[in-house]
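A.B. asks: Using the hints provided, position chain B relative to the given structure of chain A.
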Amino acid sequence: MRVVVNRVKAQYGAHPVQLIILLGSFALVGYIVSVMGAKQLWNSRVWWQSILVWFLGAVVLHDLVIFPFYAIANRSLVAGWQAVTGRLPDRKPRLSPVNYLRVPALASGLLFAMFFPGIIRQGAAAYRRATGLTQAPFLDRWLLITATLFAVSALVYAIRSAWMGRQERRGRGPSSETVAAGEPL
Amino acid sequence: MTSVLGFLLLISLPLVILTGLLDYIAYGPKLHQAIPGHVGFLHLPYFDWPTRPVWLFQLTEGLHVVLGLVLVPVVLAKLWSVMPKLFTWPPARSVANLLERLSLLMIVGGIVFEMVTGLLNIQYDYIFGFNFYTAHYFGAWVFITGFVVHVSLKLPTMVRSLRSRSLRVELRTSRADTKPEPLDPDGLVALEPSEPTISRRGALALVGGGSLLVAVLTAGQTIGGVARNAALLVPRGRSYGSGPNDFQINRTAVAARIDPSATSAAWRLSLDGGTTPMTLSRPTLLAMEQHTAELPIACVEGWSTTQRWTGVRLRDLARLAGMPVPASAHVRSMDTSGVFGQARLQSNQVLDPDALLALKVNGVDLSLDHGFPARIIVPAIPGVHCTKWVESIQFEA
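From first to last, the protein sequence lines stand for chains A and B. Our numbering puts the first residue of the first sequence at 1, with every later residue one more than the last. Our numbering puts the first residue of the second sequence at 1001, with every later residue one more than the last.
Isolated chain A, as found in the complex (with noise of 0.2 Å):
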């Protein structure tokens, strides 16, 4: 038995195990789709609003549209933030303000990501006949959210700043040498 298994893995490249499991799943999954009705899948008359359009984009929606859109950026701020920092050395502040840029935003982008409908009033018309309300306050509340986000980051920011200033002034905290690529979240 074991001889078997060891040929199938040298050959397949895994357990057998596993392509049992594998093309069961994919036996359920046909499964699914054929409870559903193939039909249901494509739409002819609106062929973006289609299941399967919807549903493929979803596998490729974090992978290349958000990955590139918050890994660019990351990669601007962080070496925007070293292009500024090299040309004036001696002008380094303490503490990087990286982390405290990039947490009100990130914050800030996925409660946009999430809550985008009500913000840029998409879906109007069925709010309104479900709710007998507008969408009018979601955009200032957003902002506002997002402009407390940041206030508060800066507000930690100069304290954290201060706070190692003061350290260092008596001469027992951290040197800017350590602290100067990220702060020590």
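It is worth saying that the hints were derived from the structure and are not from the lab. Since the model is a prediction, treat every value here as computed from it, not as a measurement. Each hint should be verified, as a subset may be incorrect.
[Claimed, not checked] Distance condition first, Cα-Cα at most 27 Å in a straight line; then the derived DSS-like pairs of lysine-lysine:
1. Lys1179(B) x Lys1085(B)
2. Lys1154(B) x Lys1085(B)
3. Lys92(A) x Lys1030(B)
4. Lys1154(B) x Lys39(A)
5. Lys9(A) x Lys1179(B)
6. Lys1154(B) x Lys1179(B)
7. Lys1154(B) x Lys9(A)
C.D. replies: Relative to the frame of chain A, chain B by itself:
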């Protein structure tokens, strides 16, 4: 990171799945009113949805939606942590590897599809165009399939990886002391990692903070009371005022095209199906024995609101119509333009002592938007089955 996030999702996602599948049963598949109608073997064992505890549907649906929302940051972080996998070259080392990567389409596509459709639906943004219930239900089964496969193939890796580091030590390690992970056989670790800008505990705190933020900004929709004021970005954090009828509306009378003249003194409720079919006016109903109950309306979108309802017990109406123990009751509304202009109630939902044809709420007449002249309110059923602007009740043997 991957294994810690994976562990969190392994515990929490089954709860989201289970509550979702339970809510399908709450819609009453045995009465052919669960959507989608035909699901083959793809469902939990059917049972009669109970009416107690009265907050049962509020709990299952609220948990499904709020937990689903709270897990969005965790899922995004998990996808971020396995990002290097996308660009491995060659794309498959063996047939086994190719098949496994193919199976990832189910779990990644499934979870993102469920989150996107769910998020749009709770915000009344129907831009996707297809039927939400159908897509969300079958999409969930594709996800469940992928989830089970992924867990069964990756569980040993997760356990090994969780054991390789002590959580207690990581929680004491600052950014300055953070060292890159040693290279792993799965290729998740960067070959030339840059200088760390955040510690592992910092990254976990970031994800946890994101979840906490979402929880604070959404849970008030379900909990109600003062917490509702914190639900700033979702539809059901809004206030309608402080009057007795100032609570969440799910379908306005205008949207339902209710003719106000049809709700005037000429309105009659017809009771059919029993030995003595009859029609009753509103004053007649008000003259019958009135019962008051504090009950939540809980919606499939995850929000709920608890109010004090007064009206006639449905079981009294059943007895009056000459069918004291019906197998079901078919309620029709004057609203004939929507899918939920009618609903069937199970026997236990008609006979529950708190199941009402409500005429008043919080001591005053129902407003037109809340279903005047009369609406159904039954403990623990989906809000859309609490039919408004009731026109007739047919008791069925």
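A.B. asks: Look at each hint and say if it fits the structure.
C.D. replies: So, going through the hints one by one against the coordinates:
{"no.": "1", "hint": "Lys1179(B) x Lys1085(B)", "in the structure": "21 Å, holds"}
{"no.": "2", "hint": "Lys1154(B) x Lys1085(B)", "in the structure": "14 Å, holds"}
{"no.": "3", "hint": "Lys92(A) x Lys1030(B)", "in the structure": "70 Å, violated"}
{"no.": "4", "hint": "Lys1154(B) x Lys39(A)", "in the structure": "34 Å, violated"}
{"no.": "5", "hint": "Lys9(A) x Lys1179(B)", "in the structure": "35 Å, violated"}
{"no.": "6", "hint": "Lys1154(B) x Lys1179(B)", "in the structure": "25 Å, holds"}
{"no.": "7", "hint": "Lys1154(B) x Lys9(A)", "in the structure": "17 Å, holds"}
Checked against the numbered hints given earlier, this structure breaks hints 3, 4, 5; the rest are met.
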